[in-house]
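**Student:** Sequence:
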Amino acid sequence: MKIVRTEDGSLTLFSEKFNEPYHSLTAGAFKEAVEKFCKPCKVEEKAKKGELNLFDVCFGLGYNTVAFLETAFSSNPN
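Numbering (our numbering), first residue to last: 6 to 83.
What the hints contain is simulated information worked out from the structure, not anything from laboratory work. These numbers come from a predicted model, not from an experiment. Heads up, none of these hints are tricks.
With a cut-off of at most 16 Å between alpha-carbon atoms, the simulated EDC-like pairs for lysine to aspartate or glutamate come out as follows: (1) Lys-47 - Glu-75; (2) Lys-36 - Glu-12; (3) Lys-7 - Glu-25; (4) Lys-44 - Glu-75; (5) Lys-36 - Glu-75; (6) Lys-51 - Glu-75; (7) Lys-41 - Glu-75; (8) Lys-7 - Glu-21; (9) Lys-53 - Glu-75; (10) Lys-36 - Asp-13; (11) Lys-36 - Glu-49.
Beta-carbon label-pair distances, calculated as ranges: (12) Asn-24 - Asn-81: 40 to 46 Å; (13) Lys-22 - Gly-55: 41 to 47 Å; (14) Phe-19 - Phe-64: 15 to 21 Å; (15) Gly-55 - Met-6: 38 to 44 Å; (16) Cys-46 - Asn-24: 26 to 32 Å; (17) Leu-74 - Ile-8: 18 to 24 Å; (18) Asn-83 - Cys-63: 24 to 30 Å; (19) Phe-19 - Phe-42: 19 to 25 Å; (20) Pro-26 - Lys-47: 25 to 31 Å; (21) Lys-22 - Glu-49: 33 to 39 Å; (22) Cys-63 - Ile-8: 17 to 23 Å; (23) Thr-31 - Glu-75: 17 to 23 Å.
Just so it is clear, CB atoms sit at the ideal spot from N, CA and C, and this is done for glycine as well.
The whole structure should be built from the sequences, with the hints applied where relevant.
**Tutor:** Now the structure itself:
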């Protein structure tokens, strides 16, 4: 396992055993979290309404949580 930089500048893990990255290398780990987690969950829309809840079991590298918090606070700083 090694750490690699993705296209958006964020870091991810790369399995040399399986020749697979943990996140998309071309899109980027952070951008992938926004596109595959925040947008489908409508975080921005719900943040503007003040209707957010988050349960994170901390299984991965934390990008979904960081993307969630950044999207929520940029949409509704209160």
